[in-house]
Structures are given as C-alpha cells and as structure tokens.
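Between the sequences and the hints, there should be enough to build the whole structure, so can you do that?
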Amino acid sequence: MNPIVEIRNVSLHAGQEVLIQGWLYNLRESGKLLFPLFRDGTGIIQGVIVKSAVPPDVFETARHLTQESSVRVTGKVREDKRAAGGFELEVANLEVLQQIPAENPYPITPKEHGVEFLMDLRHLWLRSTRQHAILGVRHEIIKAVRDFFDERGFTLVDTPIFTPSACEGTTTLFEVNYFEDKAYLTQSGQLYNEAAAMAVGKTYCFGPTFRAEKSKTRRHLTEFWMVEPEVAFAHLDDAMTLGEELVAFVIRRVLEKRRAELKTLERDVTKLEKCATTPYPRLSYDDAVKILKEKGSEIQWGGDFGGGDETILSEGFEKPVLVHRYPSLVKAFYMAPDPQRPEVALCVDMLAPEGYGEIIGGGERLADYDLLVKRIEEANLPRQAFEWYLDLRRYGSVPHAGFGMGIERVVAWVCGLEHVRETIPFPRMLYRLTP
RNA sequence: UCCUCGGUAGCUCAAUGGUAGAGCAUUCGGCUGUUAACCGAAGGGUUCCAGGUUCGAGUCCUGGCCGAGGAGCCA
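Going by this note's numbering, the first residue of the first sequence is number 13, and it counts up by one from there.
Be careful, since some hints might not be right.
Below, a list of computed lysine-lysine pairs in the BS3-like style, where the Cα atoms sit at most 30 Å apart [stated by the list, open to error]:
1. K155 - K275
2. K305 - K226
3. K302 - K275
4. K123 - K93
5. K283 - K228
6. K286 - K307
FRET-style restraints, in silico, Cβ to Cβ [said to hold, decoys possible]:
7. H247 - L133: 20 to 30 Å
8. H247 - P394: 40 to 50 Å
9. T446 - P176: 28 to 38 Å
10. N189 - D162: 30 to 40 Å
11. R440 - P172: 14 to 24 Å
12. D159 - A104: 35 to 45 Å
13. T446 - K155: 23 to 33 Å
14. R40 - D159: 38 to 48 Å
Calculated from the structure, these hints are not laboratory results. Glycine is no exception: its CB is placed at the ideal position from the N, C-alpha and C atoms.
This is the structure we're talking about:
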C-alpha cells in the first residue's frame with residue numbers, strides 16, 4: 013500500500029510512490045500528455061500523465077475528469093522545476109470517487125466572477141486558493157489572539173449569546189423568542205466580562221456578536237466575532253498598552269507563519285512589518301479633530317467620526333493609531349469620565365492603517381456606584397435590568413478596563429481585502445443570510 | 001431610509017432605435033512539458049418582471065423586483 017500523503021508534505025516523499033486524496037483543480041492537455049492539477053485542502057500539485065506510460069483506460073479516465081471531481085491518485089513524487097511548487101506527481105493510477113457530469117459542471121471556473129454569483133456559491137467559493145489563504149490567515153489570527161492572552165495569565169470566561177436586554181441600549185438588537193419571553197442576541201460580552209474580571213482578575217471572552225443595524229458598507233457584518241479582554245485594577249493607559257501589544261503580537265505571528273498565504277493574497281508585507289513593533293502613536297480626540305479640520309473635514313468637537321474621518325486619520329500614520337478621550341456624550345454609559353476633564357471619557361479606539369478604520373474600541377469602566385446609577389438613568393435604560401451589574405460596584409468595586417477587537421476587520425486589514433465579507437466563512441449581512 | 005450605478009448564454013461582458021455577439025465553461029478534434037496552456041469546430045438566449053411609445057425596443061418612457069458601491073446608522 014502506498015502511504016496517504018498530504019500535498020503540503022510531498023517534498024518529504026520525493027522518489028516515493030504515494031496516494032493523494034483530493035479534487036481535480038484544473039486540467040491541461042497537450043496531445044499525448046495530460047497535466048491535471050490536484051488539490052487536497054493542504055495544497056495543489058501538478059500531475060503528469062504520459063499516454064504511453066499508463067493503461068489506456070487510466071489515460072481516458074483522466075482526460076475526461078471534470079473540475080472538482082473527487083479522486084484518489086497514486087503516483088511517484090518527482091522534483092521538477094517546470095511544475096509550480098517544484099514537485100509533480102507521475103500518475104500511475106487514478107480512482108474516481110465522483111465524476112461531476114459535463115451537463116452540470118462545477119460552476120466556479122478559473123476565470124473572473126461577480127460578487128453576487130460568488131456569494132451565492134460561498135459554500136463552493138471557499139475551495140478557491142484565495143479564499144483558502146484568507147481562511148488560513150483568519151485561523152492564525154484567532155490562534156495568536158488566544159495564545160497572547162493565555163500566555164499572560166488571562167482566563168477565558170465565555171459570556172452568553174442570549175441576553176435579557178440591551179447591553180448598552182444604543183444599538184439595534186436581534187430579537188428572538190425565548191419560550192414565553194423575549195431575548196436578544198448579544199452585541200457585546202462587555203458587561204459579563206466585568207463580572208468575570210472581578211472573579212478572576214484578567215479575563216477575555218471570544219465569540220460571535222450580533223448587530224441589527226442596517227449598515228451596508230465594506231466594514232459591516234450583522235454577525236461577527238469579537239475578542240474582549242477585561243482587566244481588574246487596570247486604567248486607560250493599561251488598556252491602550254494591552255491593545256497595541258496584542259495587535260503587534262498578532263501581526264508578528266502572521267508574518268512568521270503565513271507568508272505563503274499573504275503572498276497568494278498579494279499583500280504588501282512591508283506595510284505589516286512596520287506594525288510588528290510597539291509603541292503605536294497615540295492621539296487625543298482633541299488633536300484628532302484639529303487634524304481633521306486642517307484636512308477639510310466637517311467634523312465639530314463633540315461629534316463622532318464618520319467613516320471618511322477614520323480613513324483620513326489612519327492614512328496619516330504607518331502604524332495603527334490610538335485615539336483616546338472622546339466626548340462622553342458619544343460614548344456608552346459605562347465609560348469612566350476623565351477626572352481632570354469630566355466632559356471626555358477614558359476610552360480609546362484603535363484605527364488600523366491604510367484606511368481600514370476602527371479595529372479596537374474600549375477603555376476604562378465607570379467604577380463608582382452613584383455615578384453609574386446616574387448614567388443609566390440619563391441613558392433611559394431600565395434600571396432593574398442592570399441591578400446585577402450595579403452589584404459589581406456594590407461589592408468591592410475596583411478600577412478596571414478592557415476593550416473589544418473585531419476579528420473580521422483585523423483579518424481584512426492583515427489580508428489587504430476590500431471588504432469584510434471575505435474574512436468570515438459564511439458572512440451574514442443586511443441582504444445576505446444564505447448560504 | 002436616502003443617493004449613484006447596474007441586471008443580455010452556466011460565468012464575465014459587448015451590441016448607434018434596425019439580423020442578439022465575444023471570451024471562459026461544456027462537448028468533439030489537433031498538439032509529448034503545459035503554467036488561468038494554445039489552435040480549430042459545435043451546442044447553448046423568456047435580453048430581470050409588468051405595462052407604454054414606435055413600422056420596429058436589449059436600447060426610449062413609467063412602475064416594480066433584485067444586486068453593487070456609498071451615506072445615514074454603527075463602543
């Protein structure tokens with residue numbers, strides 16, 4: 013029996029006869045020669061079939077293989093500079109598991125396709141090299157995020173996806189039936205994270221998040237993944253430092269482990285290399301408004317940045333930039349005010365370079381019981397729903413800070429993608445619930 | 001919700017108000033080193049839907065549906 017070999021490992025088997033299990037990626041033909049490309053999820057290898065060297069039925073079977081038909085192929089691995097990847101497979105035999113009929117061929121051809129067509133066929137689109145590379149980078153980013161927090165003594169504490177009410181009361185939530193009651197899909201693990209931080213000191217949650225906003229831009233999904241650390245006894249500066257160290261760690265890891273994928277995506281890695289070290293530039297909201305006004309933005313002090321403003325700001329820096337101390341009025345009720353200037357909050361947004369915009373948002377939480385009660389009332393939130401949250405200020409309240417990082421926006425930035433819809437296997441958007 | 005653009009072969013797109021076409025995909029043929037191979041041939045159409053103008057509509061008009069980009073909105 014020939015050993016079953018993954019294509020990524022064929023170089024270890026040069027000169028040996030092996031078995032590869034996969035799919036036909038493409039087939040080129042040149043007279044009595046066939047060049048089938050096989051993929052198996054770990055890579056692509058070119059096969060060579062010489063008509064005179066194999067039984068006639070093997071040649072005929074191979075000649076009629078259709079794109080994405082599933083096969084088991086045996087053959088000898090040989091180093092050859094003429095093959096992409098440096099190795100090719102001298103095919104000796106070929107077992108077809110399923111031949112896709114010519115009347116109903118695989119719909120995604122090696123040529124160009126439109127976004128709508130590819131999104132309708134997202135379940136098949138994932139097989140293409142480009143999507144494959146993005147999935148690999150996404151995996152590496154998630155792994156790096158977990159390693160980062162695990163190595164620093166954080167405890168993963170999962171927060172609920174069904175929630176009884178709005179966490180913040182500002183954004184639109186997805187409502188679901190919960191037996192005789194109503195529940196909402198979480199928009200943030202934030203409040204539960206604060207409870208966890210009071211229990212274990214340093215915590216993070218990592219899971220899906222849902223927002224029912226009718227946003228239709230390249231930066232928005234209705235379902236996306238967010239990692240949210242929360243640290244007891246931490247202040248705004250600690251959150252900023254943690255954020256920049258996390259992002260730099262992730263960038264270093266991807267540069268170290270996923271060069272091949274970044275090359276497939278034609279990513280300019282020199283731009284990422286500049287972001288692999290800290291510190292990142294820090295900018296107060298006041299200074300950011302000044303810069304934006306100089307560059308012609310309509311922004312006035314007190315207003316939140318629009319998408320265009322974020323782009324202008326981030327384009328001024330080669331590294332991600334930390335914008336801190338926004339006006340309290342545009343931020344959530346639980347943000348701690350700056351004791352020096354109560355009109356601004358101890359919060360921070362990290363804007364990725366190259367116009368990718370906000371990837372992190374967070375800051376120091378309001379630890380004072382009386383002030384928190386006041387803010388809940390000012391925000392017209394149902395006090396009763398927040399009694400458990402107020403307990404965190406009744407029983408041993410301490411300063412604490414944290415943030416949320418949107419995984420898809422980070423993946424889009426690292427991969428250099430136009431749109432976040434390609435960063436998640438099955439995107440959920442305003443007008444997209446299938447497949 | 002608003003603005004802009006679009007919808008023609010399985011896919012990507014052409015077509016001055018006057019015979020609906022190309023490339024890719026599929027099938028067949030040619031080629032012993034191809035690299036999104038190449039060369040030749042064939043099959044393949046409710047031009048998004050409904051109305052209207054016209055001798056004649058893929059093209060112009062009205063309404064609708066669907067999509068894309070953006071705005072608003074959005075830690």
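Outcome of the hint check:
no.	hint	in the structure
1	K155 - K275	holds, 20 Å
2	K305 - K226	holds, 29 Å
3	K302 - K275	violated, 38 Å
4	K123 - K93	holds, 26 Å
5	K283 - K228	holds, 28 Å
6	K286 - K307	holds, 24 Å
7	H247 - L133: 20 to 30 Å	violated, 49 Å
8	H247 - P394: 40 to 50 Å	violated, 30 Å
9	T446 - P176: 28 to 38 Å	holds, 30 Å
10	N189 - D162: 30 to 40 Å	holds, 37 Å
11	R440 - P172: 14 to 24 Å	holds, 19 Å
12	D159 - A104: 35 to 45 Å	holds, 43 Å
13	T446 - K155: 23 to 33 Å	holds, 29 Å
14	R40 - D159: 38 to 48 Å	holds, 42 Å
In summary, the structure is inconsistent with hints 3, 7, 8 from the numbered list given earlier, while agreeing with the others.
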